[in-house]
Amino acid sequence: MSAPGVYLESPAPHISSGDSVAKRFWLKSAALLPVLVVVLGTSGAGFLKVLTVSVLGVAGFEWLNAGFFRKKSSLQNGDAILTGVTLAVLLPSHCPALLVLVATFVAALVIKECFGGLGGRLFQPAVFARVFLDLTFAGGIKSPELFQYAGEPIFLSAILLSAFLLAIQKKIYFETPLYFVGAMILGAWVTGGQDLLRVAGIAVFAGYFLITDTVTLPLTRRGTNWFAILAACLGVCLGMKYSTVTAICYAILMMNAAVPWIDHWVRPRRYASNTGEMPGSFGARSGLGNKR
Amino acid sequence: MSYKTGSAAVPCVKTGDRVEKGAKIAALDRCEGVSVFSGLAGRVEGVVEKKMPDGSRQSCIAIASEDDFKHPPLRPAEPRKGVDDLSRAELVEMIRNCGIATGYDPGRPASSGLKRASGQALVINGCEPEPYVCAEQALITKHLLEVLKGADILRKAVGAEKVIFVVEDVERELFELVKSKVYFLKWHWFETRSVKAIYPAGQDHFLPCEIPEDSPVFNASTAFAVYEAVFLQKPFFERIVTVGGECVAEPKNLWLPIGTTFQTAIQLCKGLLREPARLIAGGPMCGMAQASADTVITADTSAILALPKEIAGEKTPEPCIRCNRCVDSCPVFLSPAMITLAVENGEFETAAKWGVDECIECGVCSFVCPSHRPMLELIRQVRTERSISR
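Residue numbers (the numbering used here), protein chains in the order written: chain A, -14 to 277; chain B, 14 to 403.
In short, the hints are calculated from the structure, not lab data. Predicted model, so just to flag it, every value in this text is computed and none were measured. No residue lacks a Cβ here, since even glycine has one placed at the ideal position from N, Cα and C. There could be a bad hint or two in this list.
Claimed, not checked - Taking CB as the label site, the calculated pair distances span:
hint	chain 1	residue 1	chain 2	residue 2	range
1	B	Glu390	A	Ala243	29 to 35 Å
2	A	Ala15	B	Glu62	52 to 58 Å
3	B	Thr28	A	Arg55	20 to 26 Å
Using the sequences and the hints, build the whole thing.
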């Protein structure tokens, strides 16, 4: 075959690393499977109802929003499903379907779409929706089963397995959740009066699945680690007054609000800003090593 | 007929003239320009407008080929003697007269770089600038002595004391080859260094190793062209080009005359196996996608790549999810996400505060971006706007 055709003209680069937004969100949702199975096994139909309403609610509101504003639906990128699943895990299995629907409305439309959709949100939508329900229906929202029994072997094993599945995807900094978990356990040990195993289980889940929503994190590795440490410290302080789930959710939202400041103060140190300094990571995560 | 100097050479042949391979067809007009030499034997058809790989249209002298590209590159019988006695000015003039337009600043005459260059050491960049491209290494492997001799001439022309020859660490055989050759030549002023084979090492002289300040950097292909110009008195009219990509039937490195169309180059590799999604002049990271195969090879075309849909297909950009991959991968430690978000909002001053002027435009940020955002395009856009407003 000769070369007669008309080809695509596009800006460089013409190849990509193969990573995609959809892959990230779907894989993160898949990593949550062990936790879902255990909660489903212990809570039964109640959790199944919450999970179904939550996932369908978030997806439905996003779909309605896309239809109303004549935008291309973004359901296939998996963000709606991930938000729905995370929200379901943060709610108790006896939560009324209507409340779950309200939470999905807040997560999908108020927090995500009103701020410009994916990439525009300021707060972790599932966490914000949980806090919204907490504030609005204070009597009706209790700690979710996962958080209540996080210290029990089966729950702890499921959380650790889910965390491991997420960690091996290498889509998050490996040390960020560890900072969070370490600071949480240390804080709980210092303040005393808590079941450390339970705190550890909750911290692992929150460290891997709640604070690692990239859209609401700082833009540098150092900044992200500071985010995790400060969120854990806030969580410990608030935990002395509120339940652990509420404290962690508040801490994450407060740190989400502080992200612009972190981004302002913690910036990458530019190449050759110090004489003689060589680039340490030099494209290390670009995947372009050994070019051939 | 013009390289990036902006001054076009004046044609010195007319329609119907028969020209030999290597004959001067356009003479330099101003001191910054270079002469143009015919890359093939044939009959002059006139001056035509042709599309260049960078998208611009330039005047070219069309020659109807009587050559089938199968002749080996022109080689005179006897190399020039007494090269060691030539002065720096004579060497620079010789390089300029031969129209060498690769190297120091790709696409600009090498002689203009030599005039500006100063420094204790001269660096020969033997690294491949981009994935897929292997023309430089093929040249060094096949013509190492010539490259080394050319590098030594460049050292004299620059007035440097030593030459640092940089090779990628994955090319261990090549590294040892260069080292042993230098050892046998007893050229103690040559130093061989290996650098990490990670993009963008080698691109635009961005080398991840310590080199003395203000050291001029030239490619191995420039050193080879200089060797041919000084020793063999051969003008610059052809270059080694990687013709590759998954769609090319027989990918190879070819010596091609400047002005050859991409179509001819691909046909010399037995054509295409299937229709490519993109035809690229240069590497896949910084090269320019071409609309058709009628584009011609210029002095800075290192590769012609025909990439299929699954590798270079169109991707729909999505919003930034602030995953930090661009920040972590940036070789000059910028924050491409912040810069491009600022550009999207029209805040060019904010982009400048985040260091857009220090960007080396390697394209790594766009490569790693899971949202497939056109980050390099946005960065180029703001840099163009800023250079215009200055």
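We went through each hint and held it up to the structure:
no. : hint                              : result
1   : B:Glu390 <-> A:Ala243: 29 to 35 Å : 32 Å, holds
2   : A:Ala15 <-> B:Glu62: 52 to 58 Å   : 56 Å, holds
3   : B:Thr28 <-> A:Arg55: 20 to 26 Å   : 58 Å, violated
In this structure, only the earlier hint numbered 3 is contradicted, and the remaining ones agree with it.
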